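**Q** Whole structure, please, built from the sequences with the hints as guidance.
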Amino acid sequence: MEFTEMDIGNKYSMEIEQYRKEGYVFPVKGLFESHRLNEVENILSKLVEHRPVNKLPPEDLLNLHLTCKEVLDLCKEPSCLYMASKLLNTNNVSVFTSRILCKLPGHGKEIPWHQDALYWPLQPPEDRLDYSSNLNIY
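All the letters of the sequence shown, read from the start, carry residue numbers 16 to 153 under the numbering used here.
These are calculated hints, taken from the structure and not from any lab test.
Hints may be right or wrong, so weigh each one.
Claimed, not checked - Label-pair restraints from in silico Cβ distances: (1) 83 - 108: 36 to 46 Å; (2) 57 - 35: 18 to 28 Å; (3) 26 - 50: 11 to 21 Å; (4) 68 - 25: 38 to 48 Å; (5) 69 - 103: 32 to 42 Å; (6) 122 - 35: 29 to 39 Å; (7) 26 - 75: 32 to 42 Å; (8) 70 - 28: 14 to 24 Å; (9) 126 - 60: 17 to 27 Å; (10) 29 - 52: 14 to 24 Å; (11) 65 - 25: 36 to 46 Å; (12) 69 - 29: 43 to 53 Å; (13) 64 - 29: 31 to 41 Å.
Computed from a predicted model, the values in this text were never measured in an experiment.
Yeah, the Cβ is synthetic: ideal placement off N, Cα and C, and Gly gets one too.
**A** Shown next as structure tokens:
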């Protein structure tokens, strides 16, 4: 799915405005076609299923974009990068980290609402904006 300036500007103008006023937007729907969501769900499910069970809880699969092409491709999903560039008003968007935060039924830990900058070792210069994007699949 290719996105153009007109698609984002028209379809997501309310979300972009909310982000600029409030500093967050949730949810943003329609960035993925249903077949791509199915592919992503299969990729992530396999990664959770094949993790070292005794060593890694399903909510702590970190930085797989460094070793797994499918996760890197997901991090570079054109529609998501385009939306991020519009929200941040820049074409200079990069991936800092990736995390699969899978909460299996009856397991996992609660993650309350929070500002990500407090949890990551970031000391951004005054002119840099940090942005966290979450893809939630239910």
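**Q** Could you work out which earlier hints the structure fails to respect and list their numbers in ascending sequence?
**A** Violated hints: 1, 2, 8; rest satisfied.
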